[in-house]
Amino acid sequence: MPHEISKPSAAKIPARGDVILVDVRDPGDVPPTPPGDALPGAVRTVDLQVRLLDENDKRAAENRAFLQKRGIRALNFVSSPGAGKTTLLERTLDAFAGEVRCAVLVGDLETDNDARRLRREGLPVAQITTGGTCHLDAAMVARGLEALPLDRVRLLFVENVGNLVCPASFDLGENRRITLLACTEGEDKPLKYPPIFTSAHAVLLNKIDIAAAIGFDRAAALANIRRVAPQAEVFELSARTGEGFDRWLAYLRALL
Amino acid sequence: MHELGIAESALALALAETKKAGASRVRRIVIRVGALSGVDPEALNFAFVAILPGTAAEGATVQIDPVAAVAYCPDCQQDFTPDTDHFFECPTCGRLCATIKQGRELDLMRLEML
Chain A
1392 MPHEISKPSA AKIPARGDVI LVDVRDPGDV PPTPPGDALP GAVRTVDLQV
1442 RLLDENDKRA AENRAFLQKR GIRALNFVSS PGAGKTTLLE RTLDAFAGEV
1492 RCAVLVGDLE TDNDARRLRR EGLPVAQITT GGTCHLDAAM VARGLEALPL
1542 DRVRLLFVEN VGNLVCPASF DLGENRRITL LACTEGEDKP LKYPPIFTSA
1592 HAVLLNKIDI AAAIGFDRAA ALANIRRVAP QAEVFELSAR TGEGFDRWLA
1642 YLRALL
Chain B
947 MHELGIAESA LALALAETKK AGASRVRRIV IRVGALSGVD PEALNFAFVA
997 ILPGTAAEGA TVQIDPVAAV AYCPDCQQDF TPDTDHFFEC PTCGRLCATI
1047 KQGRELDLMR LEML
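Protein sequences, first through last, are from chains A and B. Under the numbering used here, read the first sequence as residues 1392 to 1647, first letter to last. Under the numbering used here, read the second sequence as residues 947 to 1060, first letter to last.
Simulated from the structure, these hints should not be mistaken for laboratory data. These figures come from a predicted structure and were not determined experimentally. Treat the hints loosely; a few may be bogus.
As the list claims (entries may be wrong) - Reference excerpt, derived from the structure (chain A facing chain B, CB under 7 Å, subset only): (1) Ser-1471; (2) Arg-1492; (3) Pro-1621; (4) Gln-1622.
For glycine and all other residues, C-beta sits at the position ideal for the given N, C-alpha and C.
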């Protein structure tokens, strides 16, 4: 909505610790002005009640059925950019080398840097370049699945576009949604971005190897995760050092 | 900004319905957005402003009805509204509850056509 600054604010400089609040939320159901007069009886109303993500959800259900038929379990990894999704997958893939056959789909706006990092002997990995789209959707994953040789694959890791908002709305056909939170992001991230945590099966608190150095309040972070995502299993780990990985790998093995 | 894609699918549905009904213009589009849907009503509205011109829905009113989140506490056997201070904490017993009964909606509810 366009907004003109009519005059400089006359508000006083707040006392230290106070914050000026600017609330730009929709004030609610304001009766809108219809464009032009309609003749009496000319307006027709249709009740539809269709879900807007219906198309995506149908595709997601197809992906899920496709994967289930092949005995593949799929995980959708979501987080902010830089929370450690790729490093987590690198270590997970190395741990499962020769034990569990995996495949990877990586989504990014541009470049195949992440897919290059994840290349392993005998591992099918495909980069989905979204070209600006801020999330993966079920149709993109379907195309990725067509491109991947999935013979004997048991686990499919989908690394979503780094974004803590949009991927929450899109079912990809995964069996488990895994949300990563790095200690460096701050303890209150779950409270600021609830939907991506509320929809998670598991929350991985990553980079705990540097938690002490940055004064990270572990108890506060865990309490915040619990409040927003009471349903999620919580793992504390470091994808860099491998700390906490035994429990994470056991979680993955239990899916098979 | 996934709101743009969502607005585009809503518009496509609305235009198809308008054609099906033999109407010439869309006058109002009513959409329901749940508090936990991950969709920002203002961004959705902004997306509509961008895509309606030049279509049969040009000038239409986009009405976005918010749907509050509702969670359920199995201990107290009652519904409650999670808020941004307490989230899924039951206001009676303090238990953290994972059962979400309402709030994920993202629906095209109604169309008015001329």
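So which of those numbered hints doesn't the model satisfy?
-> 1, 2
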